[in-house]
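Colleague: Each chain, letter by letter, is given below.
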Amino acid sequence: MKVSEPIPQKSSLVLAWRQYRLERKIFWRNPSAAFFNLMLPLLLLLLFGAVFSGNKTYLRVIVPGIAGMGVMASTFSALAFNLTFLREQGVLKRVRGTPMPAASYLGGLLGNAVTNACIQIIVVIFVARFAFGVGWPHNWLELGFFLAVGVTTFGALGVAFSHVIPSFDAAPAYVNAVFLPVIFISGVFYDTKGAPSFLREIAQILPLTHLIDGLSAAMVTGQAMSSQWGSIAVLAVWGLIGGFFAVRGFSWDERGN
Amino acid sequence: MSTIQPAIRVTDLKKSYGSHEAVSGLSFEVAKGEVFGLLGPNGAGKTTTVEILEGYRARTAGEVEVLGLDPGKRPRELREQVGIVLQSSALYVNLTVREALSHFASLYPTPRDVEETIALVGLEGKEDSRSRTLSGGQQRRLDLALALIGDPELLFLDEPTTGFDPQARRAAWETIRSLRALGTTIVLTTHYLDEAQALADRVAIIKDGKVVAEGTPEDIGGAKAHRSRVSWRDEHGALQSVDTDMPTKLLNELTGEALAAGREMADLKVSRPSLEDVYLDLTSETVDESV
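So the protein sequences, as listed, match chains F and R.
Quick note, the first sequence lines up with residues 1 to 257 if you use this note's numbering.
Quick note, the second sequence lines up with residues 258 to 548 if you use this note's numbering.
Watch out, some of these pointers could steer you wrong.
As the list claims (entries may be wrong) - Covered stretches of chain R (chain F as the covering partner; in silico rule of three or more C-beta atoms under 8 Å from a C-beta of chain F): (1) 305 to 315; (2) 338 to 350; (3) 357 to 364.
To be verified - Computed list of lysine-lysine pairs in DSS-like fashion (alpha-carbon distance at most 30 Å, straight line): (4) K383(R) / K10(F); (5) K25(F) / K10(F); (6) K383(R) / K25(F); (7) K526(R) / K506(R); (8) K467(R) / K271(R); (9) K330(R) / K10(F); (10) K289(R) / K271(R); (11) K289(R) / K330(R); (12) K271(R) / K330(R); (13) K10(F) / K289(R).
No lab work stands behind these hints: they were computed from the structure.
Beta carbons: idealized from backbone N, C-alpha and C, even for Gly.
Looking at chain F on its own, in the form it has when it is part of the complex (with noise of 0.2 Å):
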């Protein structure tokens, strides 16, 4: 082996904030993933608060139902997207051949989409408001509380579900035949409490539910973290899951090599 004198490592930290800050400047090179990522639960913000403008207990539900779509946008639909294009084009294979420690690389891939997830949220407090004149959210603890669970499980389960994927072209069809019924089945644009019976059942199964009741309570009805507790449980549940899944199916090289 070499004599030379040992030539220090870079830090998996360093690494972490150098991927982080390249998938930021990637993200903001590609206006369409941009758009759909920052400016369609803005759109949708805009269009439901406009219509129903002069109903405060309708908009009590939309804020947070829109805040809760757009964690899930950012984080379980973009990294089910992404993985799978960067698995399809050899990108993560190409990493894996580099020095980057995988969870450095996977750490700035996830920071990436976390920021999403914060610009969302920040998006959608001030149009509420400023636009609709919803109030300032009760208890930003509680909120940077749900956003953190939120971010964490629906990535791990945007991860896992990216190993279901078979090809980038059958991506979005994938991501979509979840993404569009978990939003309208969880409440995103209406009470849940008004729902079919059947419907409300398969609403308590669901992650997005626990995380908007969460958002709620943080951003608008002002309930305390310990009245919470049942749905933290399922997130909790939800994000254990996928982060089993995660990490056992994770593959660097394209399906059946």
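Given the coordinates of chain F, assemble chain R onto it according to the supplied hints.
Modeller: Just chain R now, with coordinates in the frame of chain F:
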């Protein structure tokens, strides 16, 4: 000790997928600083072998050492010293050439200079172009640049010139030669036998997961494969050929007979079998089986 250690040592390597044995007892060594060509028909186990050396796949049995380390454990120290050019150009399409190289350079402890790397692969003038706007050949050059940016001791090239036009191929060959001159050890897999002949110091021919021949492109296949062939056209215009270990004696006899009979031996030539002849001879059964 450190100077005689080979760059790669593979001993009795085996890799099975279920009941199918893709690599069955493969052994070879690659010396430091040499260009080593791995040849073989599709499905012979080339890619599996190279991907085990690169750390992408786990082996079933056998010993593998790359730069003194076990690629199966994927040590970061090894990944810092190895550059890999895959068959597909997996690029960040929205990054410029310089941005992509700067990013990957930051992953290595002692990277090569970005501008120097751009010059080495001949991408001058394209530094600020996004990858998506590059031609296919330029993308492959960026691929190579990304493999070189860490200043690797060992470089894996998987079919580096597939799909190139003849000029681009010559240019790529020149780059590979200049890398060799810089002391980089190179493992090359290729379908093109002229490429192996032009670039490789030594080649191994793989068939059914085993090395069937190993040596310099000139000597591979042993003495039997390198008998001289004397060929000419007879008085009816038919091509005749005789293989011999003693071409001088044979030529003397043949030309003596022809002179005595007042005949001209048209197209008379003495040739040695090319790498392609040896390759086809050694691998032809596999081709038959797969048809």
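Colleague: Checking each numbered hint in turn, tell me which of them this model violates, lowest number first.
Modeller: none
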